[in-house]
Amino acid sequence: MNPYILAILLFGLGLGTTITFASSHWLLAWMGLEMNTLAIIPLMAQHHHPRAVEATTKYFLTQAAAAATLLFASVTNAWLTGQWEIQQIMHPLPNTMITLALALKIGLAPLHAWLPEVLQGLDLTTGLILSTWQKLAPFALILQIQPSNSALLIILGLTSALVGGWGGLNQTQLRKILAYSSIAHLGWMILVLQFSPSITLLTLLTYFIMTFFYVPCIKLNKATNINTLATSWTKAPALTALTPLILLSLGGLPPLTGFMPKWLILQELTKQGLSPTATLAALSALLSLYFYLRLSYAMALTISPNNLTGTTPWRLPSVQLTCPLAASTAMTICLLPLTPAVSALLTS
2 MNPYILAILL FGLGLGTTIT FASSHWLLAW MGLEMNTLAI IPLMAQHHHP
52 RAVEATTKYF LTQAAAAATL LFASVTNAWL TGQWEIQQIM HPLPNTMITL
102 ALALKIGLAP LHAWLPEVLQ GLDLTTGLIL STWQKLAPFA LILQIQPSNS
152 ALLIILGLTS ALVGGWGGLN QTQLRKILAY SSIAHLGWMI LVLQFSPSIT
202 LLTLLTYFIM TFFYVPCIKL NKATNINTLA TSWTKAPALT ALTPLILLSL
252 GGLPPLTGFM PKWLILQELT KQGLSPTATL AALSALLSLY FYLRLSYAMA
302 LTISPNNLTG TTPWRLPSVQ LTCPLAASTA MTICLLPLTP AVSALLTS
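In the numbering used here, each residue's number is its place in the sequence shown (first place is 1) plus 1.
In short, the hints are calculated from the structure, not lab data.
Using N, Cα and C, we set each Cβ at its ideal position, and we do this for glycine too.
Be aware that a few hints might be false.
Calculated pairs, DSSO-like style, for lysine-lysine (alpha carbon to alpha carbon, straight line, at most 30 angstroms) [unchecked claim]:
| # | residue 1 | residue 2 |
| --- | --- | --- |
| 1 | K220 | K236 |
| 2 | K177 | K223 |
| 3 | K177 | K236 |
| 4 | K59 | K220 |
Each pair of labels, with its calculated beta carbon distance range [as the list claims (entries may be wrong)]:
| # | residue 1 | residue 2 | range |
| --- | --- | --- | --- |
| 5 | K220 | L39 | 40 to 50 angstroms |
| 6 | H49 | W85 | 16 to 26 angstroms |
| 7 | L16 | K272 | 34 to 44 angstroms |
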C-alpha cells in the first residue's frame, strides 16, 4: 500500500477513536465510530484475496448494523428524554439498545459470530488492530453510559467468557484462536465494568500487552495453524522457549502477569456478593487454559518430523523489529509482583 494512503488511514483510525473519546454528544460519538470503521476497511481489503474481501464485507455489514442500531437508540433517547448527552441516558429502552449495539461492535457473545470469521480472513497486522485498537472507542462509550440493567452486563460477560472458552477448544487455526481468546477476555472485562471501571481498564491494558506479543510471535514463525508451530524451534529457539509462558499468561496462570486482572476481578465479584458468577467465570478460564496448553504443547514439546537440510532458518538475520517483542514479552511474564501497587492505585 502507498505509504501516504496508509498514513491517512492510520490518522483516520486515530482521529475516529479520539473524537469518540472526547465527545459528550451521541451524534459526535457515532461519527467517531463510523470514521473508525471506514478507516480500517481499506486496510482489511488491501490484499486482493477472496477471503480478505469476504472478511471486509462481513465486517462492514456487522458494523453498519451496530452503528444504525446505535443511532436509532440515541434518537429514541432524545425523543423520550429530550437529551443528547451521553451521560444523560435515563430511559431503560435506549440504554439497553445502545449496550447491545456496542456489544455487537466489539464482538461480545452472543453477538460474536462475525469476529472469528473476519479475523480468519485478515493478515495478522490488521487482525492485531482489529483485536486491540478497534475495541477502545466502544469501550469508552460503555464506560460512560454505565448501563442501568446490571443483569444484562453480567449475562453478556458470563456468556462471552464461556463461549470464548468453548469456541476455542476445537480450533486449529491460530487466528480463530486469537478471536475466541479476545471474546473470553472481553467477557471478563464486562463482568466487572459496573462495579470497578478501573479494574476493567487494567484488564484491557493487560490484554493489549499480551496480544502484542502473541501476534508478532505467530508472524515471526509464519504460522497459520497449530501444526506449523512445531517447526518454530528451528526458526527462533529463544522465542519458542518463552512462548509457552506467554500463552499460560494469557490463560491466567500464576505467577504470570495474566493472573493479576483475573485475581482482582474474582475478588471484586466476591465483594459484591456474586460468588456463583465468580465461580462460573473461574471455571470458564479453565476452558481457555486448555487451548493455550494445546498451543504450548505443539510449540515447545513437539518436533516436526521433517529434516531440514542446508542453513538452519534461525541463523538468517531477522527482518522484523524485535525490540517491541522483547518489551511485551518481559511485561507479559514479569508484572505480577506489581499487584499490590496496582490495587493500591485502584482503591485510592
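Outcome of the hint check:
1. Distance hint between K220 and K236 is fulfilled; the C-alpha atoms sit about 12 angstroms from each other, no more than 30 angstroms.
2. With a C-alpha separation of about 16 angstroms, the suggested pair K177 and K223 falls inside the 30 angstroms cut-off, and the hint holds.
3. For a cut-off of 30 angstroms, the pair hint linking K177 to K236 stands: about 23 angstroms separates their Cα positions.
4. Taking the CA atoms of K59 and K220, the gap is about 24 angstroms. The hint holds against a cut of 30 angstroms.
5. For K220 paired with L39, a C-beta distance near 26 angstroms fails the hint of 40 to 50 angstroms.
6. Distance hint check for H49 and W85: the Cβ-Cβ separation is about 41 angstroms, which falls outside the suggested range of 16 to 26 angstroms.
7. Between L16 and K272 the CB atoms are about 39 angstroms apart, so this pair conforms to the stated range of 34 to 44 angstroms.
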